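Let's have the full structure, built from the sequences with the hints guiding it.
First to last, the sequence lines map onto chains G and Y. Mapped onto the numbering used here, the consecutive letters of the first sequence carry residue numbers 1 to 678. Mapped onto the numbering used here, the consecutive letters of the second sequence carry residue numbers 1 to 321.
No wet-lab data here; the hints were simulated from the structure. All the pointers check out, no bait thrown in.
Quick list of in silico lysine-lysine cross-link-like pairs, PhoX-like style, CA-CA up to 25 Å:
| id | chain 1 | residue 1 | chain 2 | residue 2 |
| --- | --- | --- | --- | --- |
| 1 | G | K373 | G | K80 |
| 2 | G | K507 | Y | K39 |
| 3 | Y | K167 | G | K348 |
Simulated restraints, written as ranges between beta carbons of each label pair:
| id | chain 1 | residue 1 | chain 2 | residue 2 | range |
| --- | --- | --- | --- | --- | --- |
| 4 | G | V657 | Y | S10 | 52 to 62 Å |
| 5 | G | G37 | Y | L148 | 44 to 54 Å |
| 6 | G | V657 | Y | C228 | 31 to 41 Å |
| 7 | Y | V30 | G | V657 | 47 to 57 Å |
| 8 | Y | D34 | G | D549 | 26 to 36 Å |
| 9 | Y | D34 | G | Q100 | 44 to 54 Å |
| 10 | Y | V168 | G | P112 | 53 to 63 Å |
| 11 | Y | D60 | G | R453 | 45 to 55 Å |
Here the structure is a predicted model, which is why all the values come from computation and not from measurement. Built from N, CA and C at the ideal position, the CB exists for glycine as well.
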Amino acid sequence: MTLMSTCSAARLLGLTSIWALAWVACNNNPYPPTEAGEKVLYSSFREAPRSLDPAVAYDTGAHAITGSVYDTLLEYHYLKRPYELIPGLATDLPTQRPGQAGYTVYGFSLRPGMVYENDPAFSLGMPGRMTREIVSADVAFELCRLADPAVNSPVVEPFSNIQGFQEFGQALTQRREEDLAFSNLPVHEQYAALGGIEGVKSVGDHGLEVSVRSDYPQIQYWFAMPFTSPVPWEAIAFYDGEEGRPRFADHPIASGPYRLQHYDRQSRMVLEANPNWYGAVHPEWAAPGAVYPSQGAPGDLEAGLLAPEWAGKPLPFIDRVEFRREKEAIPYFNKFLQGYYDAAGVIKESFDQVIDEGGLSADMEEMGIRLEKGVEPTIFYIGFNLDDDTVGRPGGERARRLRQAMSLVIDSEEYTRIFTNGRGIPAQSPLPPGLFGYDEAYANPYRSVDLERARELMVEADYPQGIDPNTGKPLTLSFDTYDTSAQGLLQYRFFTDAWRQLGIDVKVEATNYNQFQEKVRNGAYQIFMWGWVADYPDPENFLFLLWSDLARSKSGGPNTANFMNDRFDDLYLSMKSRPNGAEREAEIKEMREILEVERPWIELFHREDYALFQGWLENVKPFGMSFPMTKYRDLDPAERTSLRKDWNRPVVWPIWVGLVLLIALIVPGVMTFMRERQ
Amino acid sequence: MGAYVIRRLSYGAVVVFGVLFLLFILFFAVTSPDDIARKALGERVPPAVVEQWKVNHGYDKPLFPAPGHWADNMLVEHYRRMLTFDFGRSDADDTPILERIRKGMGPSLALTIPLFVLSVLVAIPLSLLVAFFRETYIDRAGVILAVLAMSVSVLLYIIGAQYLVGKVLHWFPISGFDSDPRVIVRFLALPIMIGVANGLGGDIRFYRTVFLEESNTDYVRTARAKGCGEIRIMSRHVFRNSLIPLLTRIVVAIPFLFTGSLLLESFFGIPGLGAITVDAIQGNDFSVLRTMVYIGSLLFVVGQILTDLSYALVDPRVRLE
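Below you can see the structure in the form of structure tokens.
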């Protein structure tokens, strides 16, 4: 072979390599090509969960993971409405029998033979062991963790209805303070040394009895949440963040349909089907939580949700769930439109492109995208920290009038129109539509804009024209938020501008979400905006947000406004254990009247969710509450691959145009240069 | 040479010590540990919570050496930690900072190394080309385009390219990152293109000036008079003799490849050190920010030393003594 031909071959090889690389690179598919035929659900997250510890995680982002990874004794029927509990890890719904005075004993029976995902942590119990059976003691252990003050669970209050729950926590703290040797023991040994919670008893390996105050029947709903998932003691002992091991908060051990396969807080989280899940190991059980339902709500059959290819079939249908970090909304939504996310909300920047007169635009329909909408069991509100000297209880009547005045200038309708494209119903009280106690005819007198009355109230509050007589300057308040984006700050500007009409100077203090949560935990705030998505469908689950026992400053509970009102508390306690009926309705009405005057919140809106789903995603029924129902969903990867190809064909003509332009620019220049040289 | 290196390293050590002192003043004296705690915990947090937080993060000691605290104070602790690369934990989420840096370095280097190499490989030949065609409309068009390119904000490049290249032309993903070797090129192509385009204007202007200055020297005129070809003159003589100013610009940039690109990483969702820095700024995460500034200064000093050393390598007339 001559030198010339060798050079030509090398040149050809080089050119071919460059073109091959360009061909591989010139593709906007963010996923490896081998995934094309796989049943992978693509989703996103904005900020990583602070904790995946089921005893602590209490936000939607964390529940997207914990809800799929941790299975519960009970769960909700996917299709039936009103919501209905079904057995999960338990063989049946709990039995109930009277316990000690004022207590009811709930009896659960776990299915024998269920095991955790494989994990080296289990070698702690027995060298070389990679998994073990899920036993009722693991649920009892998790309940002890909820009671443990060191765990700092946000749901201590509802579980305090369990007999001996609070006493266990107190005894634990006391013993740890008094006995250094005890405090150095692994937590499971500490719990065992104290004998566990009085009202929680394991009966054999699979029986569990929980003694709960009789006036709190809502406890059953909590057994459908990850807080009560079985947690093996080995996981807590092994994943302690020492010697290179992750913290348990970052390393869940699955009992559910999925396991956390990859967890990178900065960019990517991956769930994959858990081969050890009881539904996968024992499909013959056809357990209610492990097969797709054969019955649903009216309309489900017509909507194709009970089609024979799914009804009664073992779950899950989807093999893997990919969560990619998307800090910015527009790139995220554009990727959805390119087919690279399977579901998305409608972002306000693209609202007009997507929604046309309340329905899908023709372009979206043509793409096969589906729109599902509905008012969610939610409430979004501006809250006042009632522990604060200026806006809270210490300010007395003056502060109350200040809150009333501030409430009268916030226009919820305008707010939702501007910032949520109208996706929300102006809220008059904490209760959203669809819940018992919601009164469509009720109009809160402090929730319609009345600037004149607001100014009168400011005078009555001794802040004429917003001037604080103590300083002679405008009253200055702070608004704490976790949204640091320019877009987020614009929203808060809407409120501060409204309050400026009263002469009040409200400064926005923005930090990230975790720091904001930290501030709230420490009572370091005056005004905040918060939302609540129902844990379970009962008015109690909204009104408890204002019960004094749950005040953030008192118990670390979710009453972030630290609202404390004796009459409200009495009514709440009476209402919560009552069945729905006229008496309960009257109590709810009176509670609403108290809130109307006291104004711990400025109720903004109940969110109306517009969710978009790609045509290839099957079995989609919006659930409303923050439970990931991933195991029930299915998708058609072939259709997805085909449509993605259609939607994302690279447009290459600009390359040729560019090349022609480049040649047209250079060649005359070279010719001119050569001519001049000659 | 050895003595020179030792002397430069000593100067570098003095600079690093000075930077550390400034960092200490900025992050602990101007912004007191109480301020840092309150930024993390909230303005109205009870004092007991602030104190506990300070203890947990090692911010509870006296700021400066004092009787009884000659060794046990924050200044000494600050130097000890930074010089031993024991950066501690994030003020915001308690994750170990060193681990975050270790994780972030890969994605950062995956972006910045090709970006740097391509920038050099594209800018120098283009500058030579423009200098070669000096005084023609190619030269003038090149200069105008370079000035235009320098005038456009990098944000416009990013948003425009994400829309045009990612959304309309479908050439590359709009944003995101995956270290999977099968797809990593896709994610990096667009930010690299933007980075190259963004830096090209300034680079071409600089290199062109250097090349033109060199091509007007006597020895080039002599070579031309002797009948030496223009391409040979540019590549053999002009380029070689322009290496010192070129190196000054290039070598000093190399250490900063480790710190990533703030804007590109942030907008494209690349989990590198630049994105970590932006997250730290947005989240008032002082410990991470302090660490990143320190690493930046350390790399700057290293860059300066490398640049000086490189002079001797490319120009035998330079003696490092």
